[in-house]
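A.B. asks: Chain by chain, the residues:
Number of protein chains: 2
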Amino acid sequence: MTEKPKSRSLRQGSREQKILSAARQLFSTHGYDAVSMNTIAARAGVSKANIFHHFSSKEALYIEVLRGACSNFGPLVEAGFVGRGRLGARLARFSRGHMETLFQDERRTQLVMREVLDNGQRRGHQLAERVFGRNFSQLVEHVRESQRCGDVRKNLDPAIVAGMLLSANVTFFLWRDVIRYLPEVRFADNPERYVSQCCDVLVNGIAACKKAAAGTKDGASTRRSAVR
Amino acid sequence: MTEKPKSRSLRQGSREQKILSAARQLFSTHGYDAVSMNTIAARAGVSKANIFHHFSSKEALYIEVLRGACSNFGPLVEAGFVGRGRLGARLARFSRGHMETLFQDERRTQLVMREVLDNGQRRGHQLAERVFGRNFSQLVEHVRESQRCGDVRKNLDPAIVAGMLLSANVTFFLWRDVIRYLPEVRFADNPERYVSQCCDVLVNGIAACKKAAAGTKDGASTRRSAVR
DNA sequence: GCGTTTCCCGACCGACCGGTCGGTTTTTAT
DNA sequence: ATAAAAACCGACCGGTCGGTCGGGAAACGC
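Chains V and A supply the protein sequences, listed in that same order.
Counting in my numbering, the first sequence runs from 6 upward without gaps.
Counting in my numbering, the second sequence runs from 6 upward without gaps.
Derived from the structure by calculation, the hints contain no laboratory data.
None of the values given here were measured: they were computed from a predicted structure.
Don't take each hint at face value.
Treat identical chains as interchangeable: a pair holds within one or across any two.
Only pairs whose alpha carbons sit at most 25 angstroms apart, straight line, appear in this in silico SDA-like list of lysine to any residue [unchecked claim]:
1) Lys159 x Arg185
2) Lys63 x Leu122
3) Lys159 x Ala94
4) Lys63 x Ser41
5) Lys63 x Ala39
6) Lys63 x Asp38
7) Lys159 x Gln143
8) Lys159 x Arg139
9) Lys53 x Lys63
10) Lys63 x Tyr37
11) Lys53 x Glu189
12) Lys159 x Pro196
13) Lys23 x Tyr67
14) Lys159 x Arg149
15) Lys53 x Asp38
16) Lys159 x Gln131
17) Lys159 x Asp194
18) Lys159 x Glu197
19) Lys53 x Ala39
20) Lys63 x Glu197
21) Lys53 x Gln152
22) Lys63 x Glu111
Whole structure, please, built from the sequences with the hints as guidance.
C.D. replies: Here it is as structure tokens:
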């Protein structure tokens, strides 16, 4: 009716994109097995047979969704870490950005998580290359750099420090719907405060001894805000 | 042939236990959807109909497996934390025990993880009560106690500190098959070293300022061992 | 001994799974 | 205008799913 014909090259892959979009939504929230091709077809407003016209199999479709989820997973994060300022400030900025990225596209994060849990052993290699790739390497490099500057203790494995930096946020994301019901936990709906405190601890933990107290300035503001 | 009759009350629930055991194995390694009742029946050496005689549905069987996995999940861990000694030593002992528990029954850990990922939102409440229950509370209480003693900075949320303590280990468990392929990571097969360094960082991070260096003694032994 | 209850199984059910097939419509190239 | 190619669909395939049913075997109370 109101639609113009549109050349195929213009609306290139519109149906295919709809399929991918539907599959991304469904796979990430319910997992691979729990989602049927019928469901995807219905969600995408497309016949099931059409899906098999664009993707050779359900597995192939899933892989495609996964590939899309993995690309550019970290550049934003990385961008948040670089720059000048004292260690505590940069680290907090990075961590905040990281947490934001996790929640910005929960679907994507959840998809990756699920893949790690379900196929970590089988596809661990690909995941390591695709999800992290250079991102983790760059983060480690930053830590190493800080060690050279004397900001970070030299007896720490930079990869472990980088891992701890990420693990706190990832765990928060993963368990947020559970810890909410723990009576002692009051930060379930306040990731900012969580990140802030974690960075506080980490900065103090990794900083070279004489500067231990210095990093506190940025991270320790316990009463930052109660929003979100 | 060689089997004696055995009264029913003696071998009480032997078939039922076999079913539960098979279900536990299969669910934990492949997830709920990917495991069929036929498979469970075959693994248990029982007819499928018999499973439905003992358990009203697949869901009920799964819940039962889950209940078994959740009980006594933490007492051992808790036991490792209490006792005397300086903060760093106790914390390291606890963390080591925690990591050990995670790997001691990987199946169980993986089952809980999967449940969190798949049904965290729906069953978050039950999970919070069953998986952690008093365990997390006790851990938090220990942190709070250390705060009163002046060993831990008072401006930190004890629940967050407790969370960081656990998150490092949990993340290691979850991502172990992925980080193995990261070139910078050399601790993938050496959880002891990982735990050791994490505790080092945490102890220094949470310790009251003047004692910052003190906790290092126990945790910083970077060259502890290369075994396992 | 005998009835009752519990345990157990093979056969079977409708629903749905991933995937295919033949044919129709739409787009593109000429 | 037309033929080739790509996109698309309804109907259908063999197979498996969770779950049921009727009946046989074993343990129980008496």
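A.B. asks: The structure should be examined with respect to each hint, and the outcome stated for every one.
C.D. replies: Hint by hint, here is what the structure shows:
no. : hint            : in the structure
1   : Lys159 x Arg185 : between (37 angstroms within a copy, 23 angstroms between copies)
2   : Lys63 x Leu122  : both (19 angstroms within a copy, 22 angstroms between copies)
3   : Lys159 x Ala94  : both (20 angstroms within a copy, 21 angstroms between copies)
4   : Lys63 x Ser41   : both (9 angstroms within a copy, 19 angstroms between copies)
5   : Lys63 x Ala39   : both (12 angstroms within a copy, 15 angstroms between copies)
6   : Lys63 x Asp38   : both (10 angstroms within a copy, 16 angstroms between copies)
7   : Lys159 x Gln143 : within (18 angstroms within a copy, 34 angstroms between copies)
8   : Lys159 x Arg139 : within (23 angstroms within a copy, 38 angstroms between copies)
9   : Lys53 x Lys63   : within (11 angstroms within a copy, 28 angstroms between copies)
10  : Lys63 x Tyr37   : both (9 angstroms within a copy, 19 angstroms between copies)
11  : Lys53 x Glu189  : neither (48 angstroms within a copy, 44 angstroms between copies)
12  : Lys159 x Pro196 : between (30 angstroms within a copy, 20 angstroms between copies)
13  : Lys23 x Tyr67   : within (14 angstroms within a copy, 35 angstroms between copies)
14  : Lys159 x Arg149 : within (9 angstroms within a copy, 30 angstroms between copies)
15  : Lys53 x Asp38   : both (17 angstroms within a copy, 21 angstroms between copies)
16  : Lys159 x Gln131 : neither (31 angstroms within a copy, 44 angstroms between copies)
17  : Lys159 x Asp194 : between (36 angstroms within a copy, 22 angstroms between copies)
18  : Lys159 x Glu197 : between (29 angstroms within a copy, 19 angstroms between copies)
19  : Lys53 x Ala39   : both (16 angstroms within a copy, 22 angstroms between copies)
20  : Lys63 x Glu197  : neither (39 angstroms within a copy, 40 angstroms between copies)
21  : Lys53 x Gln152  : neither (55 angstroms within a copy, 60 angstroms between copies)
22  : Lys63 x Glu111  : within (23 angstroms within a copy, 29 angstroms between copies)
Against the hints set out earlier in the document, violations occur for numbers 11, 16, 20, 21.
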